[in-house]
Each structure stands twice: as C-alpha cells, then as structure tokens.
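A.B. asks: As given, the protein sequences belong to chains A and B, one line each in that order. Each residue of the first sequence is one higher than the last, beginning at -14 in this note's numbering. Each residue of the second sequence is one higher than the last, beginning at -14 in this note's numbering.
Among the clues, some could well be false.
Identical copies look the same in the list; a pair holds intra-copy or inter-copy alike.
The calculated BS3-like cross-link candidates involving lysine-lysine, where the alpha carbons are at most 25 Å apart (straight line), are [as the list claims (entries may be wrong)]:
(1) 368 <-> 77
(2) 161 <-> 19
(3) 404 <-> 34
(4) 368 <-> 103
(5) 77 <-> 97
(6) 161 <-> 62
(7) 161 <-> 48
(8) 394 <-> 274
(9) 368 <-> 97
(10) 74 <-> 97
(11) 63 <-> 145
(12) 368 <-> 74
(13) 63 <-> 48
(14) 301 <-> 161
(15) 145 <-> 48
(16) 262 <-> 404
(17) 103 <-> 19
(18) 301 <-> -8
(19) 145 <-> 183
These are computed hints drawn from the structure, not numbers from a lab.
2 protein chains.
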Amino acid sequence: MVNHPPKSDWEKLFTRPLIDYSSLEETVRNVLEKVKEEGDMALFELTKKFDNVSLENLSVTGKEIAEAVSTLDPKLKKAIQTARLNIEKFHKAQLQVPGPMETTPGVKCWQKSIPIEKVGLYIPGGSAPLFSTVLMLGIPAVLAGCKEITLCTPPDTEGKINPAILFTANLIGIEKIFKVGGSQAIAAMAYGTETIPKIFKIFGPGNQFVSMAKELVSRQGTAIDMVAGPSEVAIMADETSNPEFIAADLLSQAEHGPDSQVLLFTTSENIVKQSIKEVKAQLDQLPRKEIATQALASARFIVATDDDNMVEMVNKYAPEHLIICTENYLQLSERITAAGSVFLGPHTPESAGDYASGTNHTLPTNGYARTQGGLNMDNFVKKVTFQEISEYGIFNIGSAIEIMAEAEKLNAHKTAVSKRLKRLLDNFGNDVQHK
Amino acid sequence: MVNHPPKSDWEKLFTRPLIDYSSLEETVRNVLEKVKEEGDMALFELTKKFDNVSLENLSVTGKEIAEAVSTLDPKLKKAIQTARLNIEKFHKAQLQVPGPMETTPGVKCWQKSIPIEKVGLYIPGGSAPLFSTVLMLGIPAVLAGCKEITLCTPPDTEGKINPAILFTANLIGIEKIFKVGGSQAIAAMAYGTETIPKIFKIFGPGNQFVSMAKELVSRQGTAIDMVAGPSEVAIMADETSNPEFIAADLLSQAEHGPDSQVLLFTTSENIVKQSIKEVKAQLDQLPRKEIATQALASARFIVATDDDNMVEMVNKYAPEHLIICTENYLQLSERITAAGSVFLGPHTPESAGDYASGTNHTLPTNGYARTQGGLNMDNFVKKVTFQEISEYGIFNIGSAIEIMAEAEKLNAHKTAVSKRLKRLLDNFGNDVQHK
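Sequences are here, hints too, so could you generate the full structure?
C.D. replies: What follows is the structure, encoded as structure tokens:
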C-alpha cells in the first residue's frame, strides 16, 4: 500500500516494465524474409518447426467449419450470439459521418467513410481459444464493408483450429481462414503467398514475436492496428465500494499474464485492507492462481488524499481498463482524460467489456491511452474528404486562395485558380450566379 | 504517354520512388540524444549550427507577435481569415460521436471524444512561410480542446519567424511558439526541455531529418500524425475536360518539389496531347520552373481503355490528391476506394483544398491512402468507450459472459460476474427490475 504518494514519485510509481523486443529483431527479420521469398513452402516449414505439425493444407476447409458448427456446445453458441449482437449494435452506430456542407456558398465539402479494402486478422493460439477476439476484430471489419477479410491463427499439434474460433468466424461471415501463426502469419499477410492474400492492414494481438513482426512490416508500409503491451486495469474505489467485487476485478486482470498491471486507487485505507484480504481468499480458487500471484507481486494499492488527487493520478497513469466503483462514479468519469475503456458502477466488471457488453476489448496499453482510443470503426475505414466547387464558389474563395498561394511563393497554385477565374470573368463578367 | 497499360505493368507503373532515410538514422539519433541530455543548451547550439543564428530566446515574445500582427498585409490577413472560417466550419462538424445506447436492456454504452492533452505542431522553414499548415494543424487542435498546444518552427538567420506564421498562430489562439526547427525541434517536443514542454503527439510535415526524427520518437512512445512522403496528384479527365485547367493543376503539384508525383489518367488521347502542350506553355511563366521541370520528367500520362479501367488504375495507385474533371465526375467519385482528398468538377483545383475550401491539406502519400485518410478531428482526440451496467443489465448478459470466459479458460473473468449475480440473487431472487 502506498499512502499519499507525492507528485515527485508518480513518474516512478506509474512506470510500466520496459518492453524491449529488440533482441528478437533478427530472428523475426529472418522469418519475414523467408516467407517473402519462399511463400507457402516457408509457411509449411515454419509451422512444422514452431507448431509441431505437418499440415496438408493452409486453408481451413468448409468441412472443418461445418464440423465445428455442429459440435460446439449450444450454450456457448448462444452466448457468442448474444455478444455478437451487442458488439454489432455498438459499432454500427459509429459509422456515421457528418453530411455534406457548404463552407462558403458554392463550396461543398464532405467526408466519406471508405472501407479499407483488404484486412488481415490475427488470432493467437495458446492454451485457450480467443474466439472473443474474432468478434472484436471481425465484426467491425464486416460492418465497415472491408471486401477481403483474412484470418490467420495457429493450428494445434493435430493441425486443427479450435471449433469456437471457426464457429465465430463463420457466424460473422469470415470465409478466408488459414492455419498459420506467429511472425510467419504476419509475414504471409503483409507480403502475400500463393495461398494467403496480401492485405493492407493487420489487426490483432499476439506474443512478442508477433508484436515485433507487426512493427517491422509497419515500417515497410503495411498498416497495423496498434502496438500492444501487457494488459492493465486500474480501479477507483471509495469506502462504499464492495471489496469482494474489487478483488474479483483485480484478479480477472491478474490472471491474464505474469506481467499484467493491477492498480487500485482509493480514498479509503480501509478498502485497501479489505480488498487485499478478499484477493487472498479468492486467489486460492483460481485455476490460473500461479500466473495471478506473479502479477499481483507488482500490484499497486494507492491511497489518495481526495478525489482530485485520485483523478489526477489515474489520468497520469492512463490505464487500458478503468473501473470506477465509487459512489460518485458518474461525476468522476467526467474528469477522466486518459483511459482506454471505462467501466462505471458496482455492476460493471471489466469482463463485461471483454466479452459481451458491446464495446471493443482491443485497447491501448502502456500509456498509449494518452493519445489513442480502443479499436473502433474508424480503424477499419478511411475518412476521405471530397469537395465540389461551383462557378459561384470559386468566385467567392478564389482571391483568398490566390493571395495565400502567392504569399507562400507557390505561383502555380495561384495560377490554377486564376485561370478558372479568368474564364468566368470572360464568360459572365462579375455576374456569376449561385446555382 | 502510356497507352492502355496491361495489368501486369501496373505495379511498376505506379511504384513511387523509394524513400530510404536510413542513412540519416545515426545523425538524427545523435541529435535526439543530445537534446534529451542537454535540453535548451543543445537547442541553442544546434540552432547556431543548422540555422546559422545565435538566439537570445527560444520563445517568441508577445512583442514579436504584436509586430507581426500590425505589419502583415491586410489583404493577406483577410484571406487567412476566410480560410480559417471554412476550415473551422468543416472540422467542427466532425466532432460528433453517437450518443449513449442500450445494447441490451440495462447495458448502457457510449463513446466520448476526449482531446489529447498535449500536442506539438511542427511548421517547416525554408524559402516560404507555411502559414497554411498552421491553420491545418492548429485549428483542429484548438477545436478538439487540446489543453497544451506547442508550435515549433525554425528561425531565419536573423532569429525571426515569418510574420504570416505568427499572425496565423495568434489568430487561432496558439500561445506557445518556439524558434527551433529540424530534428532538434522534434526531440524537444518528445522529451521536453527547460523551456519547451514535453508533448504526447507531434503533427506536421518536414524534411527527411524531421521525418526520421518523428519515426524514431514514435518508436519510443510519442505519437505522430503520419509518415509523409513527396506530394502527389492524379487527375482523371475525359474529352470534355479543359486542358488549360489540367495543365495548371499538374503544375501546381509539380512546383512542390523535384520528387513530386504527377499523373494524368484519361480516356482521351487527345486530352493528353493538349494538356502536355498547355503544360509547356504555362511552365515558362513559373518562378519555380526548374523544380517543376524536374518533377515533370517523371510525370505519367496514362490513356485508359474506358472508365472502369481508369477507376481501377487510380484506386491501385491510391493518390494523395485526386482531381476528377470528367463530365460524369460525380459518378466516378462514387467508385473511388483509395485517395486522400478528392476534388470534383472543373472549378475545384487542388489549391482550393490546400488553402481555403475547409478540408485539411495534411494527407496520406506513398499509397497510405489505401489505409488512412487525411488529418481530421479524429487525430486530435481519443474516442474512449464508457459503459454502465445496471443490476438488470448484468442479470441479462451475465450468463453469456460466464460461459464465454469459461470457454476461454479465464475463470477469474467469470468470477467477477458470478460474484455480482450471486449478490443479486441473494437480495432479489429472480426479481431484478429494469430501472
């Protein structure tokens, strides 16, 4: 427990563990080069090496999908469907852009959301099937209207993909699913192979090799969603908060990985004590107890002098997830300036947003919440500006452009307007009408 | 002139010149390190070295601003004011986000646009004062509500900043203006010095040193707007288009720099011939004739078989600026899937968008238009998600979360919900009401 830390300590108190993948750079570069040069052959070879399986095919077949759909537990199917509808509803509303406007009579300007044509989604493998991430990446891609959606995920040692992943991808309409993982999957999507189409932007989480691969291909021109670090939660609590819920929420972050960041900010010393007690009690019942224990070793329990002090510290830290379960949670939420996603009140655990409330769970870590939000529809489209100027319009703003272009010594910029104005004057004199 | 290029030639035909700044990396790294370690002292020293002037102060004083405001040509002031109002109007409308919604009864979710607290704007020096870029970066920053806006621009050899830049910055309300340019300015904003505040995100164009510095600090956690390459225009024309206007528009791009990309796509061979003739005629009258001539040496005049073919080629190239001055320009514009900003009809020169129509002139080059749009309000805010779930809400979606969390083997995620559901059942049985 840290009591009333002075500002001079904040920098250190809120420093994340340094993530330096640079030692992996050469290994990952070699994988990228190999895939670029050898295409599918490299993917078969690397999958044998890293995933311990000799594949017949990189593509998931229709039969495999049908099997997954028919075998998956109906209860899980229904839960995924519930989540899907909420996520769809929340993301669909984000597609709106303001309509056309006249900035000056005759000068019509507008924005249009144009989908990114080709996107690639990466779903990590590992001990658990991250089908929720299929929802979070796939639904906005489909809603945006991306024409070509490619999904890559590593096969298990029998060459299979978890049925929950296949069911979810199929449910939302993703057809191109490939059995390839790690940095080789990122390379395949960035460069294209005989089987896997080259895409324009890659989305999705992954281990340090995947992160390094994403960073390297992004320097070569393939767009990426964001650079992801260890997951984080900060909770703001007061003496009215429920320590049992606080403990459950802290643990649900801690179980992600040994480097997960767990912070409790509160104005009540008593709540810290009770929450720690509850954490200990609940920890024993967790299958992932060991991981959570490691993460909790660097957890921070911080007592603030008052609400102002608490808000300032949280904004300084800029957490990925922020749970506010104080009595005045709505008031405090108004003052948050840096957080990825905010969970309000006693009945809003972070896991609601991880799975089913509708908001996206792909969020900025490592302080990036200072400058960016979580994944949303904006990440799957380009907002392209259009403008259409009438004769009357160029007559109205032409001289401003001429004067500014001349002052910036760009005379051809000026001429492009002058030629048009001259023709108008030749044709109409000063009698240009607004149509 | 290239007639009906087959698809197999497109890749090569639309390849941009390779921009490889890696040879600058060490030089720029040294500048960054120096500024990080020595702060203001490094800035004074580097400004003497690179800008040939010994400064007394890094900050622009109120007196300098007052002088600029009083001496600038009133006509230019008025033109800047016209542009400002249009840019403000167009960008202000982009601030809207969808209101709160219930994705499921009792599950309330919403997005909120929160300004990035501290932003830095870089305005390059050189032969001309780029006050238009002050408008394009500064207006959205102010509209977004960014609390701390810092502007850096290199001084001339007398230690002065061009009055048009100072007037414009002052007009839109930017107070912190510093006389520092190049990679040292990027370093100062990324790390902070005694005088220059550390910011979270850097915006603005610049030469190759500035670009390299932005890339390097972005790898260290400072956000940047985009990676900018040489400027580009593509024009789509048919036999009804005006060759005089086409030539003027091509030249207004060519005068930017010797590496500017200039392309004409048309279904009419005759228009190519007439446009080339017009380019030659207008070129002679340009002060920046030499630069434009160099750029034109690699200009491409491409004859398409028909509209479909023309649209496909343009989307493949993904130009920064696209002028469509065919008779059916509105129809063609509907089919554009990759461009930074689109200019429609005979009276809409690119220079309108560069200065005064209202759209932003900071746009994606080098094919980035496939995945991103130009600068807009989204770049100055974070869209943060909020959710507030009532008792009734968690009762409605709780079991879906529990089932999904269990299937992903994240049991603490499940527990965070179960604990809440249990308390509700203990208190109310199944009689949880929607409030």
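A.B. asks: Hints first: check each against the structure and report whether it holds.
C.D. replies: Do the hints match the structure? See the list:
1. 368 <-> 77: Both, since 16 Å and 15 Å are each at most 25 Å.
2. 161 <-> 19: Within one copy only: 23 Å inside a chain, 50 Å across chains, cut-off 25 Å.
3. 404 <-> 34: neither (65 Å within a copy, 43 Å between copies)
4. 368 <-> 103: Answer is both; intra-copy 16 Å and inter-copy 24 Å each pass.
5. 77 <-> 97: both (15 Å within a copy, 16 Å between copies)
6. 161 <-> 62: within (21 Å within a copy, 56 Å between copies)
7. 161 <-> 48: within (14 Å within a copy, 64 Å between copies)
8. 394 <-> 274: Between copies, since 12 Å is at most 25 Å while 67 Å is not.
9. 368 <-> 97: both (5 Å within a copy, 19 Å between copies)
10. 74 <-> 97: both (21 Å within a copy, 17 Å between copies)
11. 63 <-> 145: within (23 Å within a copy, 68 Å between copies)
12. 368 <-> 74: Close inside one copy (21 Å) and across copies (17 Å); limit 25 Å.
13. 63 <-> 48: within (22 Å within a copy, 69 Å between copies)
14. 301 <-> 161: between (42 Å within a copy, 22 Å between copies)
15. 145 <-> 48: So residue 145 and residue 48 pass the 25 Å test inside one copy only (12 Å; across, 72 Å).
16. 262 <-> 404: Cα proximity of residue 262 and residue 404: across copies only (16 Å, versus 78 Å in one copy).
17. 103 <-> 19: Cα proximity of residue 103 and residue 19: one copy only (23 Å, versus 42 Å across).
18. 301 <-> -8: Within. Shortest intra-copy distance 10 Å satisfies the 25 Å Cα cut-off; inter-copy 53 Å does not.
19. 145 <-> 183: For residue 145 and residue 183, only the intra-copy Cα distance (23 Å) is at most 25 Å; the inter-copy one is 50 Å.
The structure is inconsistent with hint 3 alone, although it conforms to all the rest.
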